[in-house]
Each structure stands twice: as C-alpha cells, then as structure tokens.
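Engineer: One-letter residues, chain by chain:
There are 2 protein chains.
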Amino acid sequence: MKIGIDMMGGDFAPKEAVKALNLYLSEVTTPANLFLIGDQEQIVPLLKEEGHDPERFAIVHAPQVIEMNEHPTKALKEKQQSSIAVGFHLLASGKIDAFISAGNTGAMLVGTMYSIKAIDGVLRPTISTIIPKLNGKTGLLLDVGINADCKPENLQQFGVLGSLYAQHILGIPNPRVALVNIGEEEGKGNLLAQAAYPLLKETPSINFVGNVEGRDIFIDKADVMVCEGFTGNVILKMAESIYEIAKERQISDDYLHRFNFESYGGVPVLGVSRPVIIGHGISNATAFKNMFLLAEKMFNTQLLDKIKESFQTASPE
Amino acid sequence: MKIGIDMMGGDFAPKEAVKALNLYLSEVTTPANLFLIGDQEQIVPLLKEEGHDPERFAIVHAPQVIEMNEHPTKALKEKQQSSIAVGFHLLASGKIDAFISAGNTGAMLVGTMYSIKAIDGVLRPTISTIIPKLNGKTGLLLDVGINADCKPENLQQFGVLGSLYAQHILGIPNPRVALVNIGEEEGKGNLLAQAAYPLLKETPSINFVGNVEGRDIFIDKADVMVCEGFTGNVILKMAESIYEIAKERQISDDYLHRFNFESYGGVPVLGVSRPVIIGHGISNATAFKNMFLLAEKMFNTQLLDKIKESFQTASPE
Numbered sequence: 018m019k020i021g022i023d024m025m026g027g028d029f030a031p032k033e034a035v036k037a038l039n040l041y042l043s044e045v046t047t048p049a050n051l052f053l054i055g056d057q058e059q060i061v062p063l064l065k066e067e068g069h070d071p072e073r074f075a076i077v078h079a080p081q082v083i084e085m086n087e088h089p090t091k092a093l094k095e096k097q098q099s100s101i102a103v104g105f106h107l108l109a110s111g112k113i114d115a116f117i118s119a120g121n122t123g124a125m126l127v128g129t130m131y132s133i134k135a136i137d138g139v140l141r142p143t144i145s146t147i148i149p150k151l152n153g154k155t156g157l158l159l160d161v162g163i164n165a166d167c168k169p170e171n172l173q174q175f176g177v178l179g180s181l182y183a184q185h186i187l188g189i190p191n192p193r194v195a196l197v198n199i200g201e202e203e204g205k206g207n208l209l210a211q212a213a214y215p216l217l218k219e220t221p222s223i224n225f226v227g228n229v230e231g232r233d234i235f236i237d238k239a240d241v242m243v244c245e246g247f248t249g250n251v252i253l254k255m256a257e258s259i260y261e262i263a264k265e266r267q268i269s270d271d272y273l274h275r276f277n278f279e280s281y282g283g284v285p286v287l288g289v290s291r292p293v294i295i296g297h298g299i300s301n302a303t304a305f306k307n308m309f310l311l312a313e314k315m316f317n318t319q320l321l322d323k324i325k326e327s328f329q330t331a332s333p334e
Numbered sequence: 018m019k020i021g022i023d024m025m026g027g028d029f030a031p032k033e034a035v036k037a038l039n040l041y042l043s044e045v046t047t048p049a050n051l052f053l054i055g056d057q058e059q060i061v062p063l064l065k066e067e068g069h070d071p072e073r074f075a076i077v078h079a080p081q082v083i084e085m086n087e088h089p090t091k092a093l094k095e096k097q098q099s100s101i102a103v104g105f106h107l108l109a110s111g112k113i114d115a116f117i118s119a120g121n122t123g124a125m126l127v128g129t130m131y132s133i134k135a136i137d138g139v140l141r142p143t144i145s146t147i148i149p150k151l152n153g154k155t156g157l158l159l160d161v162g163i164n165a166d167c168k169p170e171n172l173q174q175f176g177v178l179g180s181l182y183a184q185h186i187l188g189i190p191n192p193r194v195a196l197v198n199i200g201e202e203e204g205k206g207n208l209l210a211q212a213a214y215p216l217l218k219e220t221p222s223i224n225f226v227g228n229v230e231g232r233d234i235f236i237d238k239a240d241v242m243v244c245e246g247f248t249g250n251v252i253l254k255m256a257e258s259i260y261e262i263a264k265e266r267q268i269s270d271d272y273l274h275r276f277n278f279e280s281y282g283g284v285p286v287l288g289v290s291r292p293v294i295i296g297h298g299i300s301n302a303t304a305f306k307n308m309f310l311l312a313e314k315m316f317n318t319q320l321l322d323k324i325k326e327s328f329q330t331a332s333p334e
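Top line first, the protein sequences correspond to chains L and D. Just so we're aligned, residue 18 is where the first sequence starts under this note's numbering, counting upward by one. Just so we're aligned, residue 18 is where the second sequence starts under this note's numbering, counting upward by one.
Source of the hints: derived by calculation from the structure; they are not laboratory data. Treat the hints with care, since some could be wrong.
Put simply, identical chains are the same to the list, so a pair is met inside one copy or across any two.
Pairs of lysine-lysine residues, derived as DSSO-like cross-links and limited to a Cα-Cα distance of at most 27 Å, are as follows [unchecked claim]:
1. 150 / 91
2. 134 / 205
3. 91 / 205
4. 154 / 96
5. 32 / 65
6. 254 / 150
7. 323 / 91
8. 168 / 254
9. 65 / 238
Same shape as in the complex, but just chain L (with noise of 0.2 Å):
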C-alpha cells in the first residue's frame, strides 16, 4: 500500500513526521510504501539527520505550505503546489491509497470533500473521535464537529459508519451504539434527536441500544455514540480539557491520562471513497506513527469496501 504524508502539516512539522518514519519502520514488518510531500530541501536533510536514505521514500515536492490560520477554500485554490493540495491530487488519481495530514483541518476537509467523493448513499461524511472510558475500553463519538446541523438521516447514518469502523478498526463485536440525548427514554430530546431514535431503532445493520446522558459518555454503556456535530464538538472539546485539568491540577492518574488526545494520532473522515487522516496540530512522533498505523489498518481491514457494501444493501431498490 502507498501512504501519502502531508510532512508540511503540524505545528512541529516537518521534524515530527520525520521522527515518525523511525518509529515506524522500527514497528511494522512490511511497511507501506511511504509518499513524503513537502518542501524536499527541508525534508531530505532531516531525512539524513534521521540517519535515513532519501532513495528510501517517494519524496514528492511540493514547495508551498497553506498555514494553519489560511481560509481553506481560498488557499486550496490559490497554493495548488502546497502539500494538502498535492496530496489530494496524488490521492484522487489513484497515486496514493491513502493521505494524512496534521495541517489546516479546514483544508483537509475541503480538499476531501471536493477531490475525493462520499461513498454512493452516504449523505454527510463525518469525523469521529475516541472516547477513553472509566472501565478501560473505548468507544467512540460522531460527528466532532463538520456537520453542525444534522438531519434525522445523517444521525442514523452516522451509526452505521461508526459500528463499522468500531467493529473493523477499534475490534469491538456487535458494537452498541446509541443516541446521545438528555434522557433516557424514547420521546426525549430536541426535535432531532426524537425523530432520530426511532430511525436508528429500525436499522437492521446495527445494534441500537437507546439513548445515553451527558453522564454516560465516559461509562460503558454503548460503544458508539451518536449525535449532531455541535452537541460532539463540544463533547469532544470538553473531553480534552479534561487533560489540561489534570495537567494543571498536576493530577497523575492513569485514566485522566488517557485524555490525551495528542497521542492518539488523527481522525478518519468516514464516509468518503478513500482513506483520508487528520492529525491534530500539535500532533508529535508517536500520532504521526499511529496515524501512519491508522491508515494501514483502513487499507488492510478493507473498512471502506465493507461501507460501500453496507450503504449499497442499504440504498432503496
């Protein structure tokens, strides 16, 4: 397999994705052919600091870099030689199986949307986040943040694409997922949420459990949680406060630790017809290597082949 790196990407970049290649490498036994793009006179004398062969990797150059704090649309279309924009061009041609990225969300979300197409019947791609929970599992909430405004549908199909990224990526069986409301019975909620349990509750492909309380999301009662990307984002954001309490409050225990999304690499834009990967800023090393990890298992698991599958068997006759 051919993954694409954004090496321009990141508030540590290009060192930290150099760093990752060796922690890498050092993990897998056959490693994927690896597609490093960026600026080559930044990239390959840290290559060589790194004690790596250039000849090693397919270095593609691309000179121009879109900032974090650049207008997505707007620098998409005017730096077409930036890393993001090359990616997604190496990545929409067949180049590359999969592109990762810890630049500018704004333009990974654009440059997805726009060169890589949502799988047939999928109406809203979507970002997902893991949620450690208390009892050492994970489960995992969408959207975080890319579909603030939802219908119904979108609520009921982002079940069916978290149960099978937790079924084929996180290894959970049979996930649970559920509807993230404000109480727990059927009825409740806002108007989206009422009108979302009962769809959710008549798909066949997942196991609907109900609805969970803010209360809920670190406990084990579903493994999957569902909601608008407003409602997630805040979650999602709040979630990682809780590392900075902890931090602040010099608080050292093992689940609060676990609150650092820093190293959990990136998230998947699910949905789409190829794998694409969105690191955090501040991503370090070790959320590179796990992102480069990430895509591999995407690529090997076959998830976006068993999503088409799904939204197929789904769509009307």
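Chain L is already provided as a structure; the job is to place chain D on it using the hints.
Structural biologist: Here is chain D on its own, set in the frame of chain L:
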C-alpha cells in the same frame, strides 16, 4: 419573607429537609418564616427528634407525594393534595414568597409554568447551573435542559437573565456573557449559534464577549455561558460525571471536588415571577440549607424586580 419547603421531595425526604432546618437556623440571624409542606404525621415527630418545637414552623399538611418516576402533568393533576401541588398553590396565591423542592423535577417545571407566570417579555423561562472554574471562580451555564429546542431570541434572553443572576446572586460585577459554540470567530457554529451571535452582540444590557468552546467551559473566559438546553444538559451531566470519575479513581483534588453538584443546592427557574428553586433528587441537608439561603438572597436582592425592569425596558414601545 416566607419560604415554602416541600418536605417530601428528594431521595432522603423528609429527614434531610428536617436536618437542614437546624443548619439554616444556626447560620442566619433573622431567619425567614418557614412553611413546611408535607405529611405532618411524618414531619412533626422528626422535628421533635431533631429538638425543634413544631410550633416554631408553619406546617402545611399535604398527605400525598408525587414520586420521582411519575408523569409530571398527570401526577400534578391527580394529586392535588401532594406537597408540590400544595406548594404551588401557596406560591400562586401569595401565601409564600418562594417555593423549594427536591422532588420530581418535571412536576416542578410543569407546576412553575402553569401556576406562576413568566415575567412579561420573557419568551422562555430557563434553568441554569453553576460551573466551577479552574481558577477558583464560578461561572453560570444556561439553559441546562428545559429548552431543548431554541430560537436565537431565546439564547439572547438567557444572556440577559444569566447576566442579572451572575451580578446579583453570584456577585460578579459586569459579568462577561459568552455563547457556547464550536469555533472562536463570529459566523462559526450551527444555524442557531450563527443567528444568536449578532443578537447577543447587539444587546446593550449585557457584556457580550463572543464565543466559548467546549475547552473553555472550565476556563475563566466568561462568567455566563448560554446555549440551548440540549447542549447545556449534556455539558451539565458531563461535568457532574467528572466528580464521579474522581470518586471512582480515588482522586482527591479540591477542584474536582467542586464538581460535587449535590452540595450546591438547587437551581432557580429564571424568568418567572416568583422564586422557584428545584433541588437535585439526592439533596442532602447542606443542599437544602443552600436552597433556603438562595431563596432568601433572591428575595433580598430583589432579583425578580430587576429582571422585570430589564425586560420592561427592552420591550418594544
């Protein structure tokens, strides 16, 4: 002033409510007249047990109890002799100045809306919660659950109500009001947040400081944070769960202990013409005492008159 207390409400009723009387009477110099509403055959012996002269209080016999799991509207209608129904009757007829209960929250809300009018100009009464800030200060978040679907105008009014409450009850001069959102800049968010931002910005009676994100909830970026009741309820219950996590992980930390919402007492319904305070089902004696003190403070600071004035000025000529 005359405070009515539902002695039968809450998981530990009437014991904890009776205990709270001692705490309250030993703390204040000129106590309010306390109207104890409930089953006098249960209350009187308990009062004697705790060393009180029952004659000291106005005991209002209410032999029925609305249980925690009963349907609010149905129960209120059918149990006219319940402590909640009797309490609202006393409040509506002016026989008490404030009503406190840790009973069935739904019944308290229904009772409030039907017995006590919204203040002229207030579109939707609201409930708020205290948010402990990492730097030791205290914030206010509203709505936390009675308005799951909101219009932009509702959020604007929550800003005004929250600001007055923060000023007069929490003692925060010129409180900073913020909109809970998923980005920093104006224009970010879902359709509701996008429409509410300019309304809040143009409200002269509040000190609007822009958006706060999930990561800012516990940070001292704003004193009053407004959102619709869906997001607010999820935030509140997540915050409550932080205390549960600390307990489970046996983390002893002063800040995390401030997430023990049981001890705060209750939340007032804001925007209605008389003080109604709703306690947590698990309210202990301290929580009850804090509710008595809050009722007193709302009365003494003339908060409701200030809210009335504010909405009078704001209404169109």
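Engineer: Could you work out which of the previously given hints the structure breaks and list their numbers from low to high?
Structural biologist: 1, 4, 7 and 9
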